[in-house]
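*Asks:* Each protein sequence line maps, in turn, to chains A and B. Counting in our numbering, the first sequence runs from 1 upward without gaps. Counting in our numbering, the second sequence runs from 1001 upward without gaps.
For the record, the hints were derived by calculation from the structure and aren't laboratory data. Be careful, since some hints might not be right.
[Said to hold, decoys possible] Computed Cβ-Cβ distance ranges for the label pairs, DEER-style:
| # | chain 1 | residue 1 | chain 2 | residue 2 | range |
| --- | --- | --- | --- | --- | --- |
| 1 | B | R1412 | A | E206 | 49 to 59 Å |
| 2 | B | R1340 | A | Q312 | 43 to 53 Å |
| 3 | B | E1404 | A | K165 | 48 to 58 Å |
[Claimed, not checked] Once the Cα atoms are required to be at most 30 Å apart in a straight line, the calculated DSBU-like pairs of lysine-lysine come out as:
| # | chain 1 | residue 1 | chain 2 | residue 2 |
| --- | --- | --- | --- | --- |
| 4 | B | K1326 | B | K1411 |
| 5 | A | K386 | B | K1110 |
| 6 | B | K1422 | A | K162 |
| 7 | A | K116 | B | K1207 |
| 8 | A | K162 | B | K1147 |
| 9 | B | K1207 | A | K344 |
| 10 | A | K280 | B | K1141 |
| 11 | A | K386 | B | K1207 |
[To be verified] If the Cβ cut is set under 10 Å, some of the chain B residues that face chain A in the computed set are:
| # | residue |
| --- | --- |
| 12 | V1005 |
| 13 | G1011 |
| 14 | Y1088 |
| 15 | T1107 |
| 16 | K1150 |
| 17 | S1152 |
| 18 | A1250 |
| 19 | G1284 |
| 20 | K1362 |
| 21 | G1366 |
| 22 | P1367 |
Glycine residues also receive a C-beta, built at the ideal position from the N, C-alpha and C atoms.
Spelled out, the chains give:
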Amino acid sequence: MGRIDFERFTLDNGLRVIVHQDTSTPLACLNIMYDVGSRDEDPNRTGFAHLFEHLMFGGSANIPSYDSPLQMASGSNNAFTSTDITNYYITLPVENLETAFWLESDRMLNLAFTEKSLEVQRSVVIEEFRQRYLNQPYGDAWLLMRPLAFKKHPYKWATIGKEEKHIEEATMADVKAFFNTHYNPQNAVMVVAGNVEVSAIKSLSEKWFAPIIKGEKYERKLAAEPKQTEARRLEVTRPVPLNAIYISFHMCGKTDDDYPAWDLLSDILGRGESCRLYQKLVKGKRLFTAISAFNMGEQDPSLFTIAGHISQGVSVEEAEKAIWEEIELLRTKLVAKSELEKVKNQLEANNEFAEMELLNRAIGLAYHEISGDAETINTEMENYMKVTRQDLREIVTASVVKENSSTLIYKTETNA
Amino acid sequence: MLDRVAAPEFGTIKDVTLMEPAVQHLDNGIPVFTIDAGTQDVTKIELVFDAGTATADRILIASTATRLLTAGTSKKTAAEIAESVDFYGAYLQAETSHDDCSLNLFTLSKHLHHTLPVLAEVYADAIFSDDEIATYLSKSKQEMLVKQEKVSYLGAKAFSSALFGENHPYGRSASVVDYDSITRDDVVKFYQSHIKNRVRHILVAGKLNENTIEQLNSAFGSDSRSETTISSIEVAAQTSRQVHIEKIGAVQNSIKIGRVLFNRKHADFIGLQVLVTVLGGYFGSRLMSNIREDKGYTYGIGAGLVSLKNSGYLSISTEVGADVCKPAIDEIFKEIERLRNEPISIAELNLVRNYMLGSILKSVDGPFAIADKWNTYLRYDLGMSSHQNLIRQIQTITPERLRELAKIYFKREDLLVVTAGKSVLV
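Could you put the whole structure together from the sequences, leaning on the hints where they help?
*Replies:* Okay, structure coming up:
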């Protein structure tokens, strides 16, 4: 496995900067990750972190249009928001890197908020809500599952928000307050990757970012999710062609020692065509047309989920029973040595494929730094390699159990 | 004092270097194009066949045959094949387009000696058992029911059928009943006539082992090789102008607007690519600026040119709130008319040139990307001069020429409008 080399420094205003050199590409990436996600929202103003991400493209203090100058410099950009973080990235020819510094520092300095921009982005986000969550079969699964599984922790709402209404009601005052609380140098990590020298990145960072005032450090205080003690269940009827089932279990957060075991458990059940759920329940018993097992990879304690579309003519009860039989098997019998070796190999290969992309390396470094230490990007694999068959059995025995489960059933309208 | 108002100096891209592949031939004549580059110890092997969906007599035959290559050989079951690939963290995937299909192996270079034999085995000895075919068709048929709930899918299906005709090799798409009419015989015949011993070429990319070519030669170089005869596909003039697919309860409508054009070998293709980028090919495009950033009708809208071996088409595509479907269509046509009536300003054209050159630079970064680019060129028997011509035309095309192209190709009466969702009057 190739190491991802990097250097880091911190500006006086608290902005952490990471430089990763790759001499093989004519492109450079500038990635800024802000330590704010939908978990930091007011429960009555959900969807705000993501709406805010849209507003970040509406022009800043000194630059009326964010996109045009970047496109002029042959660059492209995008952004995404999760429950945990908000990430902005630019890719452009390395010679034009200063354009990226100019643009990103100006919007960290101050946004040029306009009523028009807020109004338009409210509608754009509502259309995004409809396109991705309401106008798709099973699109509202996470809008239903999150509040079923979480009663206190803000993971109980999805990043897009609880409902359209919250987005419609966002005001300019909310927007400004959010910017002041979260969008300052202390709450951000910048990664610059490409054929660049650390000294040059230091001067550019000093020049463009050092003048930005430090701001207040945001202290995250989130409600902990109380331990679940009995099985939860929600059945909904929707105009979907196949019944579907989602079963979620509370698990640890991404930086927890147990996380690698959870990750490998989901691979044993759900990764590749040789995985257990596909071979046994899709191919063998033909109970499902598609099935998956995954975890959300969130920083705070989160969810491990098994989800599948149930074949026509198969009852929900039969399908559900088959999933629990697979879980029971994991509890009563250790996975094969070669099975564990396989998922470790898959992980190693996947990292290698993902790291072909400069941008993936930049985002990975930023994510690890926000989570505590960028160096863990190079050491996390060791923790995966240490996972044993017994570790897998232990997490299944302790946590993949009925009283820790939330089950969501979609029933087609015809057989309701 | 730091000047934050003026943009820092920037350079424009003068040229985009496209790495040329090394070309070798296996003992039986199969050409192998190699891109040895990159930083990661990975290898991609792509076998390309003239076996796209349009080359089969009926819908679903090509995709079923391609998808089931990995579903069992005379020596291994589907599960054993999956296991022998997954164990090394590799991926073995078939991809089907209208004109060709590819069988791809992605693997860590250090495991190639374990994974390449699996690729060779499925290519030469796929057996297509009745049981695997039945499982696959029943699963696909049910997943199709799920897809049919999406307005974007309904729109896309109606769009290709209206462009080319519903029984045309480029226009047809599967209906639920089609899954019941595929037989093992159809699949096996297609495999024999289009895939087995019919490799058109092989692309190899990554940070390669020294003996990769020898390994390929022992895997694929000894069988006799036949060329697939592909009859050229005639495209008749499209007749319909407006199609609506009703979807009860839709909160958004899918809109697709376009027309049949031609493929990338046509002299006007690159010019049209620039024009279509201005219209809807990037975040700052006219359609995005108007329909998303000014009106807030949509989360996204895009326009693109699709090149096929025997044809090509323009596609403008979006999903908008069902209540604003009509105003959105009107605005799209307003933007199209503007391209016909007013020359594009030099400032906007320069921006689009720079943006396009930047995205071409990105599209040839890394060994897999370079190999994909060459695969596109090879499909049309094109080479390095086409790449150079692309760069040169983007750099030199004029606003006058773009307006001429808009006048010729973007006439309102030639454009087809497809909507899927709630009923709408245009």
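*Asks:* With reference to the structure, classify each hint as holding or not holding.
*Replies:* Evaluation of the provided hints:
no., hint, in the structure
1, R1412/B x E206/A: 49 to 59 Å, "holds (55 Å)"
2, R1340/B x Q312/A: 43 to 53 Å, "holds (50 Å)"
3, E1404/B x K165/A: 48 to 58 Å, "holds (50 Å)"
4, K1326/B x K1411/B, "holds (19 Å)"
5, K386/A x K1110/B, "holds (22 Å)"
6, K1422/B x K162/A, "holds (25 Å)"
7, K116/A x K1207/B, "violated (50 Å)"
8, K162/A x K1147/B, "holds (25 Å)"
9, K1207/B x K344/A, "holds (22 Å)"
10, K280/A x K1141/B, "holds (20 Å)"
11, K386/A x K1207/B, "holds (28 Å)"
12, V1005, "holds (5 Å)"
13, G1011, "holds (5 Å)"
14, Y1088, "holds (6 Å)"
15, T1107, "holds (7 Å)"
16, K1150, "holds (6 Å)"
17, S1152, "holds (9 Å)"
18, A1250, "holds (6 Å)"
19, G1284, "holds (5 Å)"
20, K1362, "holds (6 Å)"
21, G1366, "holds (6 Å)"
22, P1367, "holds (8 Å)"
Of the numbered hints stated above, the single one contradicted by the structure is hint 7.
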